[in-house]
Structure formats: structure tokens, C-alpha cells
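Asks: Listed below are the residues making up each chain.
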Amino acid sequence: MSNWQSPEATARLKKRYAAERRFKALGLIAIVLSMTFLAVLLFTMLKNGISGLDWAFLSGSDSTDPANAGVWSAVKGSILTMLVTLALAFPMGVLAAIYLEEFAPRSRWVDWVEVSINNLAAVPSIIFGLLGLAVFIQVMHLPRSSPLVGGMTLALMTMPVIVIAGRNAIKAVPPSIRDAALAVGASKVQTVFHHVLPLALPGILTGTIIGMARALGETAPLLMIGMRAFVSTPPGGVTDPSSVLPMQIFLWSDEVDQGFVQNTSAAIIVLLFVLIAMNGVAIYLRNKFETRW
Amino acid sequence: MPITFLLICVIGLGVIAWAMSRARSAHFAPVAGKLKLALPGHYGLYAAIWTVVPALLVAWLWTFISPGLVHGAILADPAAASLPAFDFERDTVLNEAFALAQNPDAFASNPIAQQLAPVIAAAQSKFGWMGAALSLIAALAGGSFGYTRVKAGFPARTRIERIVLVALLVASFVAIITTVGIIASLIFESARFFSMVSPIDFLFGTNWTPDTMASATSDMGDDLGAVPLFWGTFFIGAIIAMLVAIPFGLMSAIYLTQYASPRARSILKPMLEILAGIPTVVYGYFAALTAAPFIRDLATAIGITNASTESALAAGLVMGVMIIPFVSSMADDSIAAVPQAMRDGSLAMGATTSETIKKVLIPAALPGIVAGVMLAISRAIGETMIVYMAAGASANLSANPFERMTTVTYQIAALLTGEGSFDHPTTLSAFALGLVLFTVTLILNIIALRVVKRFREAYE
Chain W
-7 MSNWQSPEAT ARLKKRYAAE RRFKALGLIA IVLSMTFLAV LLFTMLKNGI
43 SGLDWAFLSG SDSTDPANAG VWSAVKGSIL TMLVTLALAF PMGVLAAIYL
93 EEFAPRSRWV DWVEVSINNL AAVPSIIFGL LGLAVFIQVM HLPRSSPLVG
143 GMTLALMTMP VIVIAGRNAI KAVPPSIRDA ALAVGASKVQ TVFHHVLPLA
193 LPGILTGTII GMARALGETA PLLMIGMRAF VSTPPGGVTD PSSVLPMQIF
243 LWSDEVDQGF VQNTSAAIIV LLFVLIAMNG VAIYLRNKFE TRW
Chain P
6 MPITFLLICV IGLGVIAWAM SRARSAHFAP VAGKLKLALP GHYGLYAAIW
56 TVVPALLVAW LWTFISPGLV HGAILADPAA ASLPAFDFER DTVLNEAFAL
106 AQNPDAFASN PIAQQLAPVI AAAQSKFGWM GAALSLIAAL AGGSFGYTRV
156 KAGFPARTRI ERIVLVALLV ASFVAIITTV GIIASLIFES ARFFSMVSPI
206 DFLFGTNWTP DTMASATSDM GDDLGAVPLF WGTFFIGAII AMLVAIPFGL
256 MSAIYLTQYA SPRARSILKP MLEILAGIPT VVYGYFAALT AAPFIRDLAT
306 AIGITNASTE SALAAGLVMG VMIIPFVSSM ADDSIAAVPQ AMRDGSLAMG
356 ATTSETIKKV LIPAALPGIV AGVMLAISRA IGETMIVYMA AGASANLSAN
406 PFERMTTVTY QIAALLTGEG SFDHPTTLSA FALGLVLFTV TLILNIIALR
456 VVKRFREAYE
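Chains as they are written, first to last, in the numbering used here: chain W, -7 to 285; chain P, 6 to 465.
Since the hints were made in silico from the structure, they are not lab data. These figures come from a predicted structure and were not determined experimentally. Be a bit skeptical, because a hint or two may be false.
[What the hints assert, rightly or not] Here are the simulated SDA-like pairs of lysine to any residue, each with C-alpha atoms no more than 20 Å apart in a straight line: (1) K363/P / Y9/W; (2) K131/P / F69/P; (3) K7/W / K131/P; (4) K458/P / K7/W; (5) K274/P / K7/W.
[What the hints assert, rightly or not] So, partial list: chain W residues that the calculated Cβ filter (under 8 Å) puts toward chain P: (6) I118; (7) M216; (8) L267.
[Stated by the list, open to error] Simulated restraints on C-beta separations: (9) A269/P / V266/W: 26 to 34 Å; (10) W101/W / P116/P: 54 to 62 Å; (11) S399/P / R136/W: 27 to 35 Å.
Glycine included, every Cβ here is placed at the ideal spot set by N, Cα and C.
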């Protein structure tokens, strides 16, 4: 039987502790390198873009001259597109989540709905663009490159995210709340809409904001439905040709003129600022209203 | 059709019906020995639904009927007699006239179109108002019917709830309709493509030189062999990106779950998640602006001649960084799902933390981690903007990461944003590529989701 204080055992232990430290350092390095990448990315954009960020840039429209080009037409296009997406995806997503969580019987149809929602959440975004192109533009003849078609396409993409977040939020509401409402004579529908839904709403809103933030940064599906036109006037309504902020970044990044490097970076700062603000609101909502039952 | 006017009227009528029915039901005397069947709000809602829904239904149907009526009115006009007899010319003139009727400043070269424009405008306005009137009649009729049903014994609550249930059911079927829509549109357009180009040429050909202007002849298949695209996609998304994402994602998950203090974790994890929230177009721009020139200089420094600015490596590396948080959170979940008892047992036997992780936690969490990697691959191969901006357009069957390479997603985007007509096989090949991409990601997702589910059940 070997003694744990023998030189061999001590050496062995030393080796094991060294391996332990190496492993821990590797983990730290992985995180630090990822953070460094993030820092370099943000720093590059700030360095290139911050001097181009002024009121004229925020309120101007696209132009062939980099000094006069601004982001307002693209921002307005983004706002209109997001309004369409929200108006379609939020009610649909919440209603579908309620049905699947509270009313759905165990049947093959419902299994199919669940499978398609889980898969849709992982389908590449460009495929939604192909769907939008084939159905909304070629079959339904809706106006090309309009916020309406863009918003509808993104709504199909965002809905599964909202459904999944909504189901989790509804699932987290304890059954005792439902039992109490049913016991005093509320119907199933009243129970859900008067008691379960208000309690689940913060969770649903958090999921919705995260889904909308993803939709706001999306470019590929909008490329498919032709939202890459040169738009020098802000769109007046949801059927006018328009651009969106990520698309404006993409179009400017393609320009040969060096002046557009500053514009592209400045537009990226605007986009990242909005996205970080949206995610901040989502985290705030989650922390403020999260109830542990 | 005067849509705004109609909407305001219909909603106004709905509100009136709601208020009247609500007021009426408020005075119902309780029926002796019976429970109340509905609240005043239910009666109000019931009448409002009967007002609004039929009206909107009529308006919607009218949008299908009225173009035919407008068309008939135009043909009956004397100016239409001088329309050219040939279908194509006739359609051109009519289209010009319609555009002119919509917008008086529109360009119209044909004098007949200018003559017809006012006729069209008049007909459109006439039939528009006719539709609005019909719709309002439907609103009034429906509203009156709903109002007459508001009686003491009428179970309005049950009726309303039945409608609510139907709405819930319809909403949840949107997901299925979307899936079916994706599959149907991809298969339909791909079938058109495969009727012109043989699937064997497409799936196994190694030469990809699409030309949307070439005449559609029978040897199109020689230029549309997609193997270089599949290789580029696989090389960038499943090899280079994963070489970055798997070690970094896994190690950061291990550090965050096993070593970091709760305080450090609460700061580091959201920061790592910022990486996942950055739009892909920003990564693409960063890859093209900073990463690609850096890699070109690196290639030149290690002695590779004619290194290009666009390279598979630049796109793959940046894509890998984008995927890190995804792999990390999947690994995080899988490790957290391993029962605490297994970890405690290993530590109690005298193993160090790293030994426990390597010998116990990772083997136990492996199915979940593998599923996470599969989902990550499915994400990487469907990613468009990074490769569009950094990987290049030339199809290249090569294992050299410093060369330009193109991917399935790049070609879909390039073919459909080009000037090609939608009947040309080269343009249609984008849908066939989409079908391949969809199928592959679907298989990856289904297997991964199944593994995750089974893995969770194993430890529950």
C-alpha cells in the first residue's frame, strides 16, 4: 500500500493540480477571446462611424453622395416593417401559445403543430425569404420591396419565437390560479384570459421583444423580396417601396466610395444601439416582473 | 374602394351595437332558480361581432367581384372599341390606362389609354361605393340580428367562447400553413427547374457557372452542377466555423457553469449573449472590412501567393464567433441537466474538478452537446449575409481555406436579386438550392430535437 505522502504521490498530485489550473485557464481564455472579439468589433465600428453620427445623418435619406446620405428613410422603413410584423406575429403567436398550452387535446394534428413550430424556429431565414417571394409576390402580387411584404415575411419568422416563449410563460403559471378561478364559477376561457394571461404577459413580452430584435436585424429574407432598391424618400405607407436599416448597411457596404465606410459604421452604431436598448428592456421586464411561485 | 371611410363606419356601428346590447342586457331580471348565463359585456360583444364580421366578409368578397365589373364597364365604353385586338397589346394599353387612373401623373404613351383612364376611374369609384354600401347593409343586418338575440335566456357567453376557441385554433394552424407553404412553394418551383435540368446533373455536377442570360437549351445542366456549392457550404459552415465555435463555446460553457462565481457568471453570460444578438449583416461587414484583409496579409506572410481579399477562412471564422454563444448555451443546458449526484460522487472519490468535467460531466452530457452542435451546424449553413459579404462568388472545389468559395445561400441570394427572368432555369435553380438547404437543415433539426428530448427524459 502506497503512502499518500510518498514522493511519487506528491508528484502525481502536483501534476493533477497543474492540469486543473491549465483547464481552468483554458476556459477563461475562451471567454476572454470571445469578449475581445466583441470589443474589437464594437471599437472598429465606433472608430469608423462615430464622427459621421450627427443630426443630418439621422434625419437625412439615402443619397449617392456619402456626405449627404442619411438613415432616416431606412429607419422609417424599419419602423413600418416592424409595426406590420408586430401586428401579425404578436396576436397570432399569443393565441397559438394559449391554444397549445391550455386547450389543445392530445391529437395527431396538435403534434404536427408542435413539430412545425419547433422546426420553423430553426429554419434558415433565407428560406422564409423564398416563401415570401413565391407566395406574397408571385402568387398574391403584393407590392415588391414594400414594408407590408417585408413585415409579413418577418412575422412568419417571428411567430414561432413568440409561441415558444409564450408557452413557457403560460406553463410557469401555477395550476392553483386556474383552480381558484374555476372554483368560483369562471369558464375555462375566462380563467385563461382574466387570470392566466395577465400573469404570463411579462414572459410573453420578453420573448416578443427578443423575437422583434431578431427580426429588426434580419437582412437575408428581405433581400429575397427585393427590399434593396435605392430609396431616396422616406416611405409614406406600408405599400411604398422602402429600405430597412440592415439593408441600408448592406447596400452602403457595397459602395466603392470610401466615404460610405463612415456611413456604414455609423448606421451600424444606430442599429446596435436600438438592439441593445430592446434587449435591455427585455432583461428589465424579466427581472422586474418575474415571479417565483 | 373608400376603405378608410368604410372601416370607420363599420367600427362605429360595431361600437353602437355593443353599447346598445350591453345596456339592454343590464336590465335583465334574474330568472328564478337559474344561474346567470352571461355578463352584459358578453351580450355587447356578441352583437358587435355580428355587426363587424359580416360587413368585413362582404367587403372582402367584393374585392374579388369588383375587378370583373370594372372590366365589363370599360369594354362597354365606346372608347374601348378602338382597343387593339391582340391580347398582348391590349393588355399593355389596359395596364397603362389603369396606372393612369390610379395616378394622373403616370406615364402613358397610348392615346387610347388616355381616353380610357377617366372611364376606369369613374367605374372604379362607382363600384367601390357600391361595395361600401353593400358592406354597410351587411353590418346593419348583422347588427340587428345580433341585437334581437339579446334576451334573458340567451347563452351569449357560450357563443362568444366558441368563437374564441375557433380563433385560437386558427392561430395555431398558421404554423402548419407556413410549413406547408414553404414546402409547397419550394417543391413547385423546383419541379419547374427539374423539368428543364436533370436532377442528376444538378446534384452531382461539379461545374457551377450560372448565366441568367444564356438561352435555355438542353445542356443547361452542364453549367448548373451544385457540388462546389455544397462543398463550400460544408467547408465554411460545418468545418471552419465549427472549429472555432465548438472549442470556444464548450470551454466558455464549462467555465461559466463550473468555475465562475455567481457574480462573474451574471456579468459574463449576458456579455457573451450580446455576440448572439448582433445582426449578421454587421458580422458580414466586419468580416469584409477587418477580418478578410487581416487574413489576406496573414496568408501573404506565411508565403501563400495571390491570396484574395475574400476567403472562406474569413467568413468561416467570423461565423464561428457568431455561433459561440449558441453552442455555449446548448452545452450549458446539457451540463446542467446531468444530475448533481454524479458530480458529487466523482468529487467525493477525490477527482479534481477538471477530471470530473472531463471524465463524468462531458460523457454524460455528450448527447445533448452533440445535438447542440447539430443545431449550430444547421444555423451556420443557413447563414447568408456573412458569406455574401466575405466569402466571394466563385464556385471553387478546393480545400484551401484562403481561397474564395461560394455557398448555397450566397447563390440563392445572388440568383434571385439579379436581373434574370423567373422562367429561366438558372433563376429557378435558386429554389432547387433552397429545397436542398431546407431538407438538410430540417433533417439536422429533427434529429437534434429528438436527441435532446430523449436525453432529458433519461435523467428525469
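Asks: Each hint needs a verdict: does it hold in this structure or not?
Replies: Each hint, compared with the structure:
Note on K363/P and Y9/W: the hinted pairing holds, with a Cα-Cα distance of about 14 Å set against a maximum of 20 Å. With a CA separation close to 16 Å, the supplied pair K131/P and F69/P stays within the 20 Å bound. Our distance criterion of 20 Å between C-alpha atoms is broken by K7/W and K131/P, whose separation comes to about 91 Å. Straight-line distance between C-alpha atoms of K458/P and K7/W comes to about 39 Å, which puts the hinted pair past the 20 Å bound.
A hinted pair counts as satisfied when its Cα atoms are at most 20 Å apart, and K274/P with K7/W does not qualify at roughly 31 Å. The criterion of a C-beta within 8 Å of any C-beta in chain P is met by I118/W, whose closest approach is roughly 5 Å, and the hint holds. The interface hint given for M216/W holds, since its Cβ lies 6 Å from the closest Cβ of chain P, which is under the 8 Å cut-off. A least Cβ separation of about 6 Å between L267/W and chain P falls short of the 8 Å threshold, and the interface hint therefore holds.
Checked against the hint of 26 to 34 Å, the C-beta distance between A269/P and V266/W comes to roughly 29 Å, which is consistent with it. Hint check: W101/W to P116/P, Cβ distance near 59 Å, so the stated range 54 to 62 Å holds. In this structure the hint that S399/P and R136/W lie 27 to 35 Å apart at CB holds, the actual value being about 29 Å.
Hints 3, 4 and 5 from the earlier list are contradicted by this structure; the remaining hints agree with it.
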